[in-house]
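Here the protein sequences come in this chain order: A and B. Every letter in the first sequence is one number past the one before it in my numbering, and letter 160, counting from 1, is 160. Every letter in the second sequence is one number past the one before it in my numbering, and letter 61, counting from 1, is 61.
No wet-lab data here; the hints were simulated from the structure. One or more of the hints may lead you astray.
[To be verified] Which residues of chain B face chain A? A partial, calculated answer using Cβ under 10 Å:
#1 L8
#2 V60
#3 R73
#4 V84
#5 V99
#6 F123
#7 L126
#8 P129
#9 N130
#10 E132
#11 T141
[Unchecked claim] Computed beta-carbon distance windows for the label pairs:
#12 G36/A with R134/B: 54 to 60 Å
#13 A214/A with E132/B: 22 to 28 Å
#14 W90/A with V122/B: 42 to 48 Å
#15 A81/B with A214/A: 44 to 50 Å
#16 P198/A with R114/B: 24 to 30 Å
[Claimed, not checked] Under 7 Å between C-beta atoms, here's a sample of chain B residues computed to sit facing chain A:
#17 G51
#18 L90
#19 A94
#20 R134
Positions of the beta carbon are idealized from the N, C-alpha and C atoms, including for glycine.
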Amino acid sequence: MTASARDWGSASEIPELAGAVAIAGVGEADHSQASGRSEREISAQAVERALADAGLAPKDVDGILYSAGFGDAFDAKAFHAHFGTHHEIWESPRGGATVWAATAPATAAEVLHSGKARHVLNVFSVSWATQRPQMLGGPGQFHAEERYKASLEVPFGWFPQPVYFATIARRHMIEFGTRPEQLGAIAVSARRHANLHPGAVMREKQLSLADYLARPMLVDPLRVEDCCLISDGGGAYLMSTPERARDLRRPPVLVAGVGEGRSATGLYWSQQPAFTSTPQVFSAPAAFAMAGIGPRDVDVLALYDPFTIVALMQIEDMGFCGKGEGGAFVEGDALDFDGGGLPLNTHGGLLSHAYVLGISHVIELVRQLRGEAAAQVPGAEIGVYGGYTGHMASTLVLRRA
Amino acid sequence: MKTADFPLPDTEWEGTCGFWEAAAREQLAIPRCAACRRFQWYPRERCLACGGGELPWTAVSGRGTLFSWAVVRRALVPAFAEKVPFVTGLVALAEDPAVRVVTNLVDCEFEELRAELPVRVVFRPLVFPNQERRVIAPMFTPLG
Chain A
1 MTASARDWGS ASEIPELAGA VAIAGVGEAD HSQASGRSER EISAQAVERA LADAGLAPKD
61 VDGILYSAGF GDAFDAKAFH AHFGTHHEIW ESPRGGATVW AATAPATAAE VLHSGKARHV
121 LNVFSVSWAT QRPQMLGGPG QFHAEERYKA SLEVPFGWFP QPVYFATIAR RHMIEFGTRP
181 EQLGAIAVSA RRHANLHPGA VMREKQLSLA DYLARPMLVD PLRVEDCCLI SDGGGAYLMS
241 TPERARDLRR PPVLVAGVGE GRSATGLYWS QQPAFTSTPQ VFSAPAAFAM AGIGPRDVDV
301 LALYDPFTIV ALMQIEDMGF CGKGEGGAFV EGDALDFDGG GLPLNTHGGL LSHAYVLGIS
361 HVIELVRQLR GEAAAQVPGA EIGVYGGYTG HMASTLVLRR A
Chain B
1 MKTADFPLPD TEWEGTCGFW EAAAREQLAI PRCAACRRFQ WYPRERCLAC GGGELPWTAV
61 SGRGTLFSWA VVRRALVPAF AEKVPFVTGL VALAEDPAVR VVTNLVDCEF EELRAELPVR
121 VVFRPLVFPN QERRVIAPMF TPLG
């Protein structure tokens with residue numbers, strides 16, 4: 001049933017932006033298990049740190065991108081309430097994390113280019129670890145409230161996300177012979193990176209491949225270690241034009257390409273013709289073309305990794321190897337920052353750093369391209385983030401200035 | 001937002017009532033476009049293939065093949081705590097394998113499950129603690 005035709009989705013139109021946007025500051029909130037903190041407290045901490053990193057004051061920020069639908073967003077009103085400022089701020093809800101962590105620079109490009117805004121924040125936070133007891137199936141609540149899913153999936157226990165992705169992983173194993181130790185290699189590499197990262201939730205917890213294989217199944221063929229954490233945390237990055245960014249405190253990182261892809265079957269993943277693929281099939285080639293690069297040019301990769309299988313599929317779908325070859329590609333230490341292969345999620349990802357939905361993936365890439373990451377890839381010049389939400393994927397190509 | 005009956009379906013909601021009414025009669029039914037005869041799954045107001053607006057719920061044979069599955073070993077929500085371990089997955093229908101029905105695999109050993117295993121529909125009640133309402137649902141079992 002694998003659809004070889006590319007008719008199951010499409011690439012979105014993204015305006016040309018190469019050279020128009022730079023990332024000039026990054027900040028992460030404290031990432032943790034249940035902390036009792038609100039989304040706004042977490043966002044404010046991340047924003048303060050991003051501004052300190054860039055060497056800017058709150059009054060310098062005249063643009064904010066945030067996500068609607070993830071609790072209390074840190075929008076312009078919240079920004080003013082926190083900092084006691086009153087100036088005009090352009091804002092858009094088309095920012096935040098997941099796919100928008102990649103597309104926010106494209107959304108900001110127009111206002112930065114026109115001069116309508118000079119310094120635009122993209123901010124995201126989540127307090128799902130604190131809120132989990134009140135949620136139905138944790139982050140699955142959204143799916144439980146979708147009426148077709150509530151009627152045609154939930155009654156059979158095909159809910160929440162670990163069940164979807166166990167089913168996808170099984171089909172990947174059926175079609176391509178992917179093995180548990182190959183999924184395990186992704187989890188083990190992420191954990192090793194988290195062990196090196198000062199802000200990672202799993203900093204103190206080791207995981208070997210033998211440990212992984214000895215762990216019980218949660219939803220066979222996935223173990224708990226194949227699934228992301230549930231965290232409180234967040235992050236922010238500050239964008240400006242490359243010219244302005246050069247005058248700020250930190251070396252700027254250039255946004256070289258942005259892509260976005262969509263699956264035609266939308267939220268109903270059970271019906272996606274290419275069941276073991278992600279819309280990176282549509283997104284990555286567009287972003288790479290905009291940046292004028294190919295997969296071989298990428299020095300460090302950060303992929304939205306709610307489950308090991310999602311990272312594996314994106315590696316294939318972005319063209320780092322052929323479809324179905326991802327298992328062999330990730331084996332051993334190939335994904336480690338010093339493994340000689342393709343370094344992936346050098347901060348530990350959603351699996352072992354924190355489940356902050358991708359905002360920290362972009363921040364980690366910026367640190368890599370500045371040469372200041374904890375698990376630094378020597379001489380990294382090009383970093384790529386792959387965002388994913390199931391029915392959408394996005395791609396962000398960053399380049400050292 | 002209607003989650004009070006979670007995880008039971010709202011069998012009267014117009015979007016999927018045909019599925020549940022058929023199941024109560026021990027039939028598996030899928031919307032089929034009256035114009036182009038294609039099955040439309042999940043249900044939509046119009047046929048995605050031809051735009052036709054007449055999509056009657058149509059009984060199918062209940063035969064198919066196992067496309068993929070997951071064995072839930074640990075309940076992720078309390079409502080399923082008494083069911084674990086159980087098998088949930090996708091069955092590709094004989095009439096159109098592009099139609100995948102989310103279901104439970106029953107009356108089988110986990111070890112006998114394999115890709116493309118021929119299966120047939122059986123009808124069983126959905127039973128959950130604290131839910132008295134009885135809903136008959138299509139589930140699948142190996143054909144052999």
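Status of the hints after comparison with the structure:
1. A hinted interface residue such as L8/B counts as satisfied when its beta carbon comes closer than 10 Å to some beta carbon of chain A; here the least separation is about 6 Å, so the hint holds.
2. Interface hint at V60/B: violated, since its Cβ lies 15 Å from the closest Cβ of chain A, which is beyond the 10 Å cut-off.
3. Contact between R73/B and chain A, as hinted, is supported at the beta carbon level, the nearest pair being about 5 Å apart and thus within 10 Å.
4. Taking 10 Å as the C-beta contact cut-off toward chain A, the hint placing V84/B at the interface holds, the least distance being around 9 Å.
5. The closest approach between the C-beta of V99/B and any C-beta of chain A is roughly 8 Å, which is under the 10 Å cut-off, so the hint is satisfied.
6. The beta carbon of F123/B comes no nearer than 13 Å to any beta carbon in chain A, farther than 10 Å, and the hint placing it at the interface is violated.
7. The interface hint given for L126/B holds, since its Cβ lies 5 Å from the closest Cβ of chain A, which is under the 10 Å cut-off.
8. Nearest Cβ of chain A to the Cβ of P129/B: about 14 Å, over the 10 Å cut. The hint is violated.
9. Evaluation of the N130/B hint against chain A yields a violated restraint, the C-beta minimum of about 14 Å exceeding 10 Å.
10. At about 15 Å, the closest approach between the beta carbon of E132/B and any beta carbon in chain A exceeds 10 Å, and the interface hint on this residue is violated.
11. Nearest Cβ of chain A to the Cβ of T141/B: about 14 Å, over the 10 Å cut. The hint is violated.
12. Take G36/A and R134/B: their Cβ atoms lie about 42 Å apart, and the range 54 to 60 Å is violated.
13. At about 42 Å, the beta-carbon gap between A214/A and E132/B misses the expected band of 22 to 28 Å.
14. In this structure the hint that W90/A and V122/B lie 42 to 48 Å apart at CB is violated, the actual value being about 59 Å.
15. Distance hint check for A81/B and A214/A: the Cβ-Cβ separation is about 25 Å, which falls outside the suggested range of 44 to 50 Å.
16. For P198/A paired with R114/B, a C-beta distance near 46 Å fails the hint of 24 to 30 Å.
17. Hint status for G51/B relative to chain A: violated, with the closest Cβ pair at about 15 Å, above 7 Å.
18. Because the closest C-beta pair between L90/B and chain A is about 6 Å apart, less than 7 Å, the hint holds.
19. The beta carbon of A94/B is not positioned within 7 Å of any beta carbon in chain A (closest approach about 13 Å), and the interface hint is therefore violated.
20. A least Cβ separation of about 12 Å between R134/B and chain A goes past the 7 Å threshold, and the interface hint is therefore violated.
When each numbered hint is compared with the structure, violations occur for hints 2, 6, 8, 9, 10, 11, 12, 13, 14, 15, 16, 17, 19, 20.
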